[in-house]
Amino acid sequence: MSATVTAENKPAPPPVERIKVKVDGREIEVPKTTPDWQGKPQATTMLQACAHAGVDVPHYCYHHKLPVAGNCRMCLVEFGTPVMDPATKKPALNEDGSPKIARSVLPYEPGTPRGAIACATPISPGMELYPGSPATAQMREAVLESLLINHPLDCTICDQAGECKLQEYSVEHGQAASRFVETKVHKPKAVDLGPRIVLDDERCILCTRCIRFTKDIVNDDALGIINRGSYNTIAAAPGRQFDNNYTLNTVDLCPVGALTSKDFRFKMRVWFLKETKSVCPGCATGCNIIIGSRENVIQRLEPRENDAVNGPWMCDSGRLDYKWVGASNRLKEVLVGGKPSTWQTALSEIGSRLVTAAPGSVAIVGSARLSTEELFLLKQLARKFDAITDVVEHLGEADRLLVHAEKAPNYSGARITGLAYTEAGINLPRIRAGIETGSIKSLVVVGEDLVAAGFSSDLLGRLSLLVVSDIVPTPTTSIAHYVLPGCAYAEKRGTFINAKGRVQKFMKAVEPPGTARPEWEFLHELVHQVTGGNGYSTIEGLFNLLARELAPLAGLEWSRLGDTGVTVTL
Amino acid sequence: MSTKIVDRKPLSFFENSYLPTLMSGLKVTWKHFKKSALQGRPLTMEYPEQKWVVPQGYRGAPYLVKDQEGSTKCVSCQLCEFVCPPKAIRITPPGPNGAPADRRNAEKAPAEFEINMLRCIFCGLCQEVCPEEAIFLQKDYSLTGESREEMVYGKAKLLQMGGTHGGIQKWKHKLEEAEAQEVFPVRTN
Amino acid sequence: MNLFDYLEPTTQFVIFSAIKILIVFGVTMTFVAYAVLAERKISAWIQDRVGPNRTAPPITKFIPILGPMLVRLGIFQPMADGLKFLLKEDFTPAYVRKVYFWLAPAIAVIPAFLTFAVIPFGSTLGNPDNKMVIADLNVGVLYTFGIVSLGVYGIVLAGYAANSKYPFLGGIRSSAQMISYEIAMGMSVVAVFMVVGDLNLGAVVQYQAKHGWMVLHQPLAFAIFLIAAFAETNRLPFDLPESESELVGGYHTEYSSMKFALFFLGEYAAMISASAMMVTLFFGGWTLPFLSEPASSLLVGLLHIAIFIAKLVVLLVVFIWVRWMLPRFRYDQLMDLGWRRFIPLALGNILATALVLAFISP
Chain A
1 MSATVTAENK
11 PAPPPVERIK
21 VKVDGREIEV
31 PKTTPDWQGK
41 PQATTMLQAC
51 AHAGVDVPHY
61 CYHHKLPVAG
71 NCRMCLVEFG
81 TPVMDPATKK
91 PALNEDGSPK
101 IARSVLPYEP
111 GTPRGAIACA
121 TPISPGMELY
131 PGSPATAQMR
141 EAVLESLLIN
151 HPLDCTICDQ
161 AGECKLQEYS
171 VEHGQAASRF
181 VETKVHKPKA
191 VDLGPRIVLD
201 DERCILCTRC
211 IRFTKDIVND
221 DALGIINRGS
231 YNTIAAAPGR
241 QFDNNYTLNT
251 VDLCPVGALT
261 SKDFRFKMRV
271 WFLKETKSVC
281 PGCATGCNII
291 IGSRENVIQR
301 LEPRENDAVN
311 GPWMCDSGRL
321 DYKWVGASNR
331 LKEVLVGGKP
341 STWQTALSEI
351 GSRLVTAAPG
361 SVAIVGSARL
371 STEELFLLKQ
381 LARKFDAITD
391 VVEHLGEADR
401 LLVHAEKAPN
411 YSGARITGLA
421 YTEAGINLPR
431 IRAGIETGSI
441 KSLVVVGEDL
451 VAAGFSSDLL
461 GRLSLLVVSD
471 IVPTPTTSIA
481 HYVLPGCAYA
491 EKRGTFINAK
501 GRVQKFMKAV
511 EPPGTARPEW
521 EFLHELVHQV
531 TGGNGYSTIE
541 GLFNLLAREL
551 APLAGLEWSR
561 LGDTGVTVTL
Chain B
1001 MSTKIVDRKP
1011 LSFFENSYLP
1021 TLMSGLKVTW
1031 KHFKKSALQG
1041 RPLTMEYPEQ
1051 KWVVPQGYRG
1061 APYLVKDQEG
1071 STKCVSCQLC
1081 EFVCPPKAIR
1091 ITPPGPNGAP
1101 ADRRNAEKAP
1111 AEFEINMLRC
1121 IFCGLCQEVC
1131 PEEAIFLQKD
1141 YSLTGESREE
1151 MVYGKAKLLQ
1161 MGGTHGGIQK
1171 WKHKLEEAEA
1181 QEVFPVRTN
Chain C
2001 MNLFDYLEPT
2011 TQFVIFSAIK
2021 ILIVFGVTMT
2031 FVAYAVLAER
2041 KISAWIQDRV
2051 GPNRTAPPIT
2061 KFIPILGPML
2071 VRLGIFQPMA
2081 DGLKFLLKED
2091 FTPAYVRKVY
2101 FWLAPAIAVI
2111 PAFLTFAVIP
2121 FGSTLGNPDN
2131 KMVIADLNVG
2141 VLYTFGIVSL
2151 GVYGIVLAGY
2161 AANSKYPFLG
2171 GIRSSAQMIS
2181 YEIAMGMSVV
2191 AVFMVVGDLN
2201 LGAVVQYQAK
2211 HGWMVLHQPL
2221 AFAIFLIAAF
2231 AETNRLPFDL
2241 PESESELVGG
2251 YHTEYSSMKF
2261 ALFFLGEYAA
2271 MISASAMMVT
2281 LFFGGWTLPF
2291 LSEPASSLLV
2301 GLLHIAIFIA
2311 KLVVLLVVFI
2321 WVRWMLPRFR
2331 YDQLMDLGWR
2341 RFIPLALGNI
2351 LATALVLAFI
2361 SP
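As you go down the protein sequences, you meet chains A, B and C in turn.
Okay, so the first sequence: first residue is 1 according to my numbering, each after it adds one.
Okay, so the second sequence: first residue is 1001 according to my numbering, each after it adds one.
Okay, so the third sequence: first residue is 2001 according to my numbering, each after it adds one.
Hints were generated in silico from the structure; no laboratory data involved.
All C-beta atoms in this analysis are idealised placements derived from N, C-alpha and C, irrespective of residue type, glycine included.
Heads up, a few of these hints could be off.
[As the list claims (entries may be wrong)] In silico BS3-like pairs for lysine-lysine, Cα to Cα no more than 30 Å straight-line:
#1 1170(B) / 262(A)
#2 1170(B) / 184(A)
#3 262(A) / 1027(B)
[What the hints assert, rightly or not] Simulated restraints, written as ranges between beta carbons of each label pair:
#4 1122(B) / 324(A): 50 to 60 Å
#5 1035(B) / 2340(C): 53 to 63 Å
#6 219(A) / 1119(B): 49 to 59 Å
#7 27(A) / 1119(B): 55 to 65 Å
[Said to hold, decoys possible] Where chain A lies over chain B, by a calculated footprint (3+ residues, C-beta under 8 Å):
#8 1043-1055
#9 1082-1095
#10 1106-1114
My request is simple: use the sequences and hints to build the entire structure.
Shown next, in the form of structure tokens:
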């Protein structure tokens, strides 16, 4: 393991040729090529040039991680190109010496400006873009009016309201009133597109983002457009359901309220959600997420774009795996011998019993669901008692896109802290044998159900001290001498290190139930008690301490992790 | 914003004796005393027996209303909950598995709608923001109860107090339009 | 006659005086309670309101027409008020000077009642020796002024004891105001006694019975005395010590329950005693122009007392009414009025009286 830390392990891209264009009269220099949705260099488009100039061009069908379709026409921008003198083949000049620019006009109607779709039109040297011109504004207004012709305007019952591009652009660029007096075309509502997706065809603006996503990103060509003209409708292929592990990304992609999540349907208006940056604990990929919560209840998870990990996507199984956080069966109080007690009593008793344990008679089983800080504290505890340690392995299916086979977020953290060896679970048989022979008398388990991991209740019953911390009751907690209620990832702060060595921090979204406390808090107290040393009582201090002590993380600091993390060499 | 300085007229000897002030004070007090004590016409209203006639446009307690067909107008869009300055309104949306709305085509209705009348300041923002004309400040001004819980009015009570308020019934018209087109099977909950 | 006659004269005097004290105290207390009611009712009427009209003990249900009428007049309101004062929590803030805090209400209320000792509220009752005055002092008016000036101590002490700024300001204002106006008040009375030639209040009444009411002889003295009485009793327009809009409640800000009620009682008792003094000094006491001989029978004796009380009531109404006639004075105006107008005026009045007595009608 080397101690070098870089933000990206890819080599720096070769320098790109830069060209000059004008955006609303301001000259800027932009790269001639820009990576497209697959990362291949392509000619820079007008939309990207405007973005360089800090000008937002409204768009529906364009998405930076999808192939360009150019069908919504929202990004129309008026532009002009330098005039070439046919005789000299050089740019023609005005009288004041500036280059002569020909504004684009309709070929058959030279008085009318003609726009180009900014998402698909490459820029050329000397080009002038007019995203702020009256003609551009008029084009946007006309496109919006066209898109709204058959839109049902049912924002009051639409889950997208509040994060709907149609709403936003109507306010910014649309007309105040509709001129449409005819009867609207009605299309099916609340169509069951798949097990997790509901489609409202009336709201759809046919941008085809969902079709391109499932075809080009997931390789599941399940969606398409049927019927003609005003009756165009998104539909699943005949006889098929829109059912893969990434369908819910189309809900995020859909710029309007046509595709909505069955899980989030009619659940909460989005403007009430408190957004907390976090990391999905579902597998070792560690997709960046945003937890949307209101008043201590998690309402939904959404992917947070991080090109080093998950791009803008996440899998459905990870996205829907949040309900256990607020489950009613959570452990809410400290149990000593099965009876409610206090943290102070339990921790001081555990501490004094561990201190008197014979060397080598203590074993510690952690979990790859714990944060790096917690695993580090467990390792400190183990070092004090010369304990044998391990984490339980959870394996599952992987896929080609995001899902990793290791079904816990922090196996890398377990390995880096030394709580687990190169292969997780390798020490568990030794611990089991130790209990059987009686050489192990005390066992500390954090975040795992050992009965499910192959330790029988009878075997665990032989221990003279069994300390279990978990967040829900398990067969292991039912026979533990001390039960310490812990926190779910959304209830505490910390870091996970994903399978590729990305150190990412996650933030607290909701309060833990009852008297449950973050594991790092009480483990810190326990370590402080048994070792007598002092540590850091904040997560920032704890992380900075472990970054100093663990070679792969050398040089890292909590404040340097940022929102998207830092990759270290494992 | 110019300030006009008015000269203070010096008081005459008579005025300085306080006698004119005393006399005018006596005149005013006697006029009112005569009116309320001798003629029995005080201005005050003896409240529980006599009640005030609430004027048009009075902002009393907000209640939910039903449409002409007796269906809940509220679609649980939660704009009133959002706009409510004292956070008196609390709406429980139906959620993915909630009961369907009691009228066709609107799809959504609140599972519960609570207004804490102890918090409500009768500002009328809920009525102003409501896109469905489902909540109105009505004429009740004297809300009493024996506990805090009692003063949190639930959906059933709000609908019962609110009565009926007609209107354009846009969801009904959408449905009729869709049925007339007969192009697609109309989903009606 | 009866057992009473067999007792020694001293014992008789003591018993008779004790009975008079009890009756006077009881009547005054009732007067205080109903003065509060009258204040509330008259205030209400002047402000186009109804005033207390709800308090109804259960028995009023059984009185056919009169019951509801009494309820509407608020006759039972003082009982409810008194009961409330007795039952409220007697709160003593933590930061006050406790001894003075407890002492002040008592000192405020006692002088107001002591003044009644020298006021002849009737002629005689039954026996011609039974004068209707508790203490027939020959220096009655000096006693009165001595006692009245003690009242200021209660208020100053209250302001000091509360140990907070508004009561303190109220106390300071009050003491300055009372001391200032006491001078004018005393000087105005000097002229009266110059005319009468006796300091005994009974003698003042007798003089008026012979020569007509003093208000006609000494109108200026009466005006000064009346206005000074307003200032002495902290009534509007001179209620600066407790002006709500600037000092919260002045010296009573920190008081509650019965201790507050004592200040309240004291204020109204002071108002009644000032009225009684004015009746005695300027309005002929218990006499009427045609009823000025000491009572020959029990009935006439009672009538004299009734006349005194009737005059008292009229003056109380004036006190209450003036409250709504004039706005509150500014403090400098108050001091200006006291020192630069009334004291010279009263001095001038004494001089003029002396000159008239010396040269015109000796």
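Hint check:
1. 1170(B) / 262(A): Distance of about 25 Å is within 30 Å: holds.
2. 1170(B) / 184(A): Holds, at about 13 Å.
3. 262(A) / 1027(B): 78 Å, violated
4. 1122(B) / 324(A): 50 to 60 Å: Given a distance of about 43 Å, which is not inside 50 to 60 Å, the answer is violated.
5. 1035(B) / 2340(C): 53 to 63 Å: Violated - the Cβ-Cβ distance for residue 1035(B) and residue 2340(C), about 39 Å, lies outside 53 to 63 Å.
6. 219(A) / 1119(B): 49 to 59 Å: 54 Å, holds
7. 27(A) / 1119(B): 55 to 65 Å: 57 Å, holds
8. 1043-1055: That given contact is violated, which follows from only 0 residues of the stretch 1043-1055 of chain B lying within Cβ reach (below 8 Å) of chain A.
9. 1082-1095: Since 4 is at least three, the answer is holds.
10. 1106-1114: holds (count 3)
Checked against the numbered hints listed earlier, the structure breaks hints 3, 4, 5, 8; every other hint is satisfied.
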